[in-house]
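Asker: Following the hints, put chain B with the ligand in place on chain A, whose structure we already have.
Residues per chain, in single letters:
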Amino acid sequence: MTTVEERPHTGFGRTLRKEDVRLVRGKGNYVDDVRLPGMLHGALLRSPYAHAKINSIDTSAAEALPGVKAVVTGETLKGLGLAWMPTLSYDVQAVLATDKVRYQGQEVAFVIAEDHYTARDAVELIEVDYEPLPVVFDAKRALEPDAPVIRDDKEDQRDNHIFDWESGDAARTEEVFANAEVVVAEDILYPRVHPAPLETCGSVADMDPVTGKLTLWTTSQAPHAHRTVYALVAGLPEHKIRVIAPDIGGGFGGKVGIYPGYVMSIVGSIVTGRPVKWVEDRAEHLMSTAFARDYHMRGEIAATKDGKILGLRVKVIADHGAFNATAQPTKFPAGFFHVFTGSYDLRAAHCAVTGVYTNKAPGGVAYACSFRITEAVYLVERMVDVLAYELKADPAELRMKNLLKPDQFPYTTQTGWEYDSGDYPKALQLAMEMAGYDELRREQAEKRERGELMGVGIAFFTEAVGAGPRKHMDILGLGMADGAELRIHPTGKAVLRISVKTQGQGHETTFAQIVGNELGLPTADIEVVHGDTDQTPFGLGTYGSRSTPVSGAATALVARKIRDKAKIVASAMLEVSPDDLEWAGNRWHVKGDPEQGKTIQEIALAAHSSLELPEGVEGHLDATTVYNPPNLTYPFGAYICVVDVDKGTGAVKVRRFIAVDDCGVRINPMIVEGQVHGGLADGVGMALMQVMAFDEEGNHLGASFMDYLLPTSLECPSWELGETVTPSPHHPIGAKGVGESATVGSPAAVVNAVLDAIRPYGVRHADMPLTPAAVWAAMQGRPIRTDLAIP
Amino acid sequence: MQVPAPFTYERATSVEHAIELLGQLGPEARVVAGGHSLIPMMKLRLARPDALVDINDLGAELAQIRVDGDALVIGALARHADVLASAVVGEHFPIFHDAERVIADPVVRNFGTVGGSLCQADPAEDLAAVFAALDAVAVLRGAAGVREVRVRELHVGPYETVLAPDELMLELRVPIRPGGGSAYEKVERRVGDYPVAAAGAAVWLDGDTVRDVGIGLTAVGAEHFTAPAAEEALRGQPATEESFQAAARLAAEHCNPSADQRGPVDYKRHLAAELTTRALRRAAARARGQEA
Ligand SMILES: Cc1cc2nc3c(=O)[nH]c(=O)nc-3n(C[C@H](O)[C@H](O)[C@H](O)COP(=O)(O)OP(=O)(O)OC[C@H]3O[C@@H](n4cnc5c(N)ncnc54)[C@H](O)[C@@H]3O)c2cc1C
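Read top to bottom, the protein sequences are chains A and B. Last residue of the first sequence: 791 in the numbering used here, with the numbers rising by one and none dropped. Last residue of the second sequence: 292 in the numbering used here, with the numbers rising by one and none dropped.
Isolated chain A (complex conformation):
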């Protein structure tokens, strides 16, 4: 037997990511790398107008361009019954516009040509006669009685209203507010932003005219859900559709939905009988794919004079764009926004959300938002600071006073969430110690004396991830449970097949580590197969930080099934009763006689051999499972941000960022830290520079990376990370998700820090992004409406 020291890496802990071997060498295989014999290229014509009637489309010049194979318009699709497709929120969305265009960048026609250049040249030759219509560019304006009706395609739609949804006890909240000593209200905007993965969306469709089988390589975070939706929409038999999501260059929720371009590549392949590739460019991606947020909130917080928070309520106008295409569990049109009571012990809470149509792109649930928990956490963490401002209280002390206590878990919130586990004060205490909180406050006081602006911002968040229990959660009727299949080959190597799909999160490593931890197999010996519907079990895919909470649990449980089966095989090998065996991390041995044992590798070979197995035990060593989570998991964290603000220019420099995360048991701490790093950068970006603003004509003002700003290493400090570990009591390995924690928690910390810095100017709130201009305007007492074109 090999000694422990010589054994290759097994189980949990830091280890290099398996996928990086190909990714760092440029040997990844993305959709745009797929090249098939005879492949044609598609390109979309998009609307330059945000709202306009289409009078006519003339495709003759485009069709006449040499190399063009076909030009498809909405009229062509109408004949096939494909002009509209269902969205994930039971609305419909135009595949190619027929009657009108409803946002700038909407898909109008599709050209298929011999090469990409010709397709793009032909797009310019299509002549569309548009009749511009008045534009709804502001969610608040959408509900005014004279606002133009965007969705006149829907029979009963007379306005731009989509839904009203509420959670919590309105009457009880009213009572708490009526009797409270202090009530503070604030209008808070979470502007429209975009996940902006570096890889844009695309697909290659190959409809085999002989077998009738469609193979679709596509940028999908949820290949199985996509396959089922294609089967339902296009009427293709599900077993004749194979969806392959190869390497994905970032998803962040933007690759959950189905876009017209994917559908058009399929239509193109059916029409031409050849494979068709469609890959959008950066501007198309930023203008038309799933945006995030756009929540216009009015928050109110009630408290006692000495800072005991009593209640919280919020009214939201949610801008869903021109089609309601948000991706979230069906029962929750505002996603998980109603977790907005955050990490505090409240007497009452109520939220009311109204969804509206505007002349902007559809989407809304993306950018690592945990189904709108970004908005929820931002609201509560801003409101707590607004309260601190009014009470002249220290924001850390105020939080400490109101945080849930460890003995309150499991805790049911005023809006019905059951938080599984946590020690909140411990996390905040640790963050404050790491930051040197008291010292920072002393430094700030000295600086203020000298007229210098420095701010310290705190955010405490509770996440709710791992959707979810089937009885509460489905998307388009598909329950949110995920399968896993594990097969141990005769030589003891393993292949794990999972339904979730990495977009950079490192599933191929983490999931191998989970199997390794359960069976004592080296990480390197476990192949993780994912992203191909012909190769993997059904499941709803990766978003909402659900991979580890759901599929991670499935993986642990399927490995335990193998372990149980291995025990029976081992008992036959050792000729003892299974009850006499004991598991020792990587082998079964006879209780009290460790020498007498068999490793999982030895057992695997025996399971495939001629060894006589007990009655009822099948040979080989494989298992399948489906995991239906009993509850969500609730990661949490305490973040502290330190900024310096240039008084003369309003420019903000993030000096330090301390992030204490508790995501339960950490499978690979390096990957966890990577996820946190990325999310913190997201937070700096949203807080300080990112926004998709629109002008009065509905023009998108952020359609390139020169206009839609992503933070760089120079805007990010060297992150200071800390951890506490409170295992999830209901998850097989005690893990909680971490993919979105930092994106959820960090924007509020940065904004709170900036507002703390400019507190001497009497500023209580200003909206993101806090660009130098926005900070300066706030200091002048004239905050800017950041989501509209700057006047």
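It should be emphasised that the hints constitute simulated quantities derived from the structure, not laboratory data. Only a predicted model underlies this, so the values are computations on that prediction, with no experimental measurement involved. C-beta atoms are modelled at their ideal positions from N, C-alpha and C, and glycine is treated no differently. Hints are supplied without guarantee of correctness; some may be wrong.
Residues from chain B shown here face chain A by an in silico Cβ test under 10 Å; the list is partial [unchecked claim]:
| no. | residue |
| --- | --- |
| 1 | 2 |
| 2 | 105 |
| 3 | 204 |
Listing some non-contacts, in silico: residues in chain A with all C-beta distances to chain B over 12 Å [claimed, not checked]:
| no. | residue |
| --- | --- |
| 4 | 37 |
| 5 | 92 |
| 6 | 232 |
| 7 | 273 |
| 8 | 280 |
| 9 | 305 |
| 10 | 347 |
| 11 | 423 |
| 12 | 477 |
| 13 | 710 |
| 14 | 711 |
| 15 | 714 |
| 16 | 761 |
Quick list of simulated restraints, FRET-style, between CB atoms [what the hints assert, rightly or not]:
| no. | chain 1 | residue 1 | chain 2 | residue 2 | range |
| --- | --- | --- | --- | --- | --- |
| 17 | B | 81 | A | 446 | 34 to 44 Å |
| 18 | B | 266 | A | 471 | 48 to 58 Å |
| 19 | B | 105 | A | 759 | 27 to 37 Å |
Answerer: Just chain B with the ligand now, kept in the frame of chain A:
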């Protein structure tokens, strides 16, 4: 992927060849240097030249940085990175290093050129303000011969210069005079972003008196990227905070910024004053040898 409309491509082997090609190919042909401004515009199909004349092989002729008599000469094909790395540039005019540090990002700086920056005539170009502050002269050559144009007279409007379609920018000549200091101040939303506003200043002192001064402003709608009224007012004044602020106020008044996602008009005007003050302050300190 964004792709440009069709065009033809020629590679010049000498300055003469480039000018000849431009003459042959006509007014719809364009020079391509670093390509970092032109090619993105072509991909967005905002620019549609029929032909490109690539001058990247002309480094020996066009990419030199040297002192020639009483002038610092920077070749039009010198890359941003070359300017940033040049000790002789830093020794005479630290304003270049201030500015180059905050122009774009290393990838763009490795290829983008000084000549391309000036010929692009983007109203937010940083180097336009730098060369204007230093009152540099651009050397141009076309079929008709060589001519010299003050950078302050090079730009006729946004994205428009006095260059004829067949003219090539060869180099920039910056007069070296004793007793000077220079500095550049920029506010950007993020590193690599074009400026929200930026100001450059060059100051020549006689003791504590401002003998001469050059002020360059970009992204704030300053005519020809300069502030002549402010310069005029500051000449002969004591080099003090008060006179810097007074000049900066004048500079800001003569700007004509437009509102966009980088900020509203009043903010940009405020920055014009704030950054001009800061640049003058630092330039004067350097003239006194007080700061490296
Ligand atoms: C991401 C990004 C960020 C940027 N940020 C900044 C910034 O912060 N500040 C800033 O000032 N700039 C910025 N730039 C612009 C950058 O400085 C460019 O490199 C520069 O504007 C153009 O130089 P080029 O050599 O690439 O020119 P090209 O793109 O090759 O040419 C630009 C124009 O100049 C003409 N031209 C070029 N050379 C000559 C010549 N010798 N004679 C005659 N005509 C010529 C071309 O025909 C063309 O019309 C940025 C660019 C990018 C891509």
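Asker: Indicate, hint by hint, whether the structure satisfies it.
Answerer: Checked hints:
1. With a cut of 10 Å, the hint placing residue 2 of chain B at the interface with chain A holds, because the nearest CB-to-CB distance is about 4 Å.
2. Hint status for residue 105 of chain B: holds, given a least beta-carbon distance of 8 Å to chain A, under 10 Å.
3. The interface hint given for residue 204 of chain B is broken, as the beta carbon of that residue sits about 26 Å from the closest beta carbon of chain A, more than 10 Å.
4. The non-interface label for residue 37 of chain A is consistent with chain B: the shortest C-beta to C-beta separation is roughly 21 Å, beyond 12 Å.
5. Its beta-carbon lying about 30 Å from the closest one in chain B, residue 92 of chain A satisfies the requirement of being farther than 12 Å from that chain.
6. With a least CB separation of 32 Å from chain B, residue 232 of chain A remains clear of the 12 Å interface cut-off, as annotated.
7. Against chain B, the non-interface label of residue 273 of chain A holds: every CB pair exceeds 12 Å, the least being about 25 Å.
8. The claim that residue 280 of chain A lies off the interface is violated: its Cβ sits roughly 9 Å from the closest Cβ of chain B, which falls inside the 12 Å cut-off.
9. For residue 305 of chain A, the non-interface assignment is confirmed: its Cβ lies about 38 Å from the closest Cβ of chain B, beyond the 12 Å cut-off.
10. The Cβ of residue 347 of chain A sits about 42 Å from the closest Cβ of chain B, beyond the 12 Å cut-off, so the non-interface label holds.
11. Chain B leaves residue 423 of chain A outside its interface by the beta-carbon criterion, the shortest separation being 37 Å against a cut-off of 12 Å.
12. Distance check for residue 477 of chain A against chain B: the nearest CB is about 37 Å away, which clears 12 Å, and the non-interface claim stands.
13. Against chain B, the non-interface label of residue 710 of chain A is violated: not every CB pair exceeds 12 Å, the least being about 8 Å.
14. Not every CB of chain B lies more than 12 Å from the CB of residue 711 of chain A, the least distance being 7 Å, so the non-interface label is violated.
15. In this structure residue 714 of chain A is not separated from chain B by more than 12 Å, as the shortest Cβ-Cβ distance comes to only about 4 Å.
16. Against chain B, the non-interface label of residue 761 of chain A holds: every CB pair exceeds 12 Å, the least being about 15 Å.
17. A hinted range of 34 to 44 Å holds for the C-beta pair residue 81 of chain B and residue 446 of chain A, which are about 41 Å apart.
18. A beta carbon spacing of about 57 Å between residue 266 of chain B and residue 471 of chain A agrees with the range 48 to 58 Å that was offered as a hint.
19. Checked against the hint of 27 to 37 Å, the pair residue 105 of chain B and residue 759 of chain A passes, with Cβ atoms roughly 34 Å apart.
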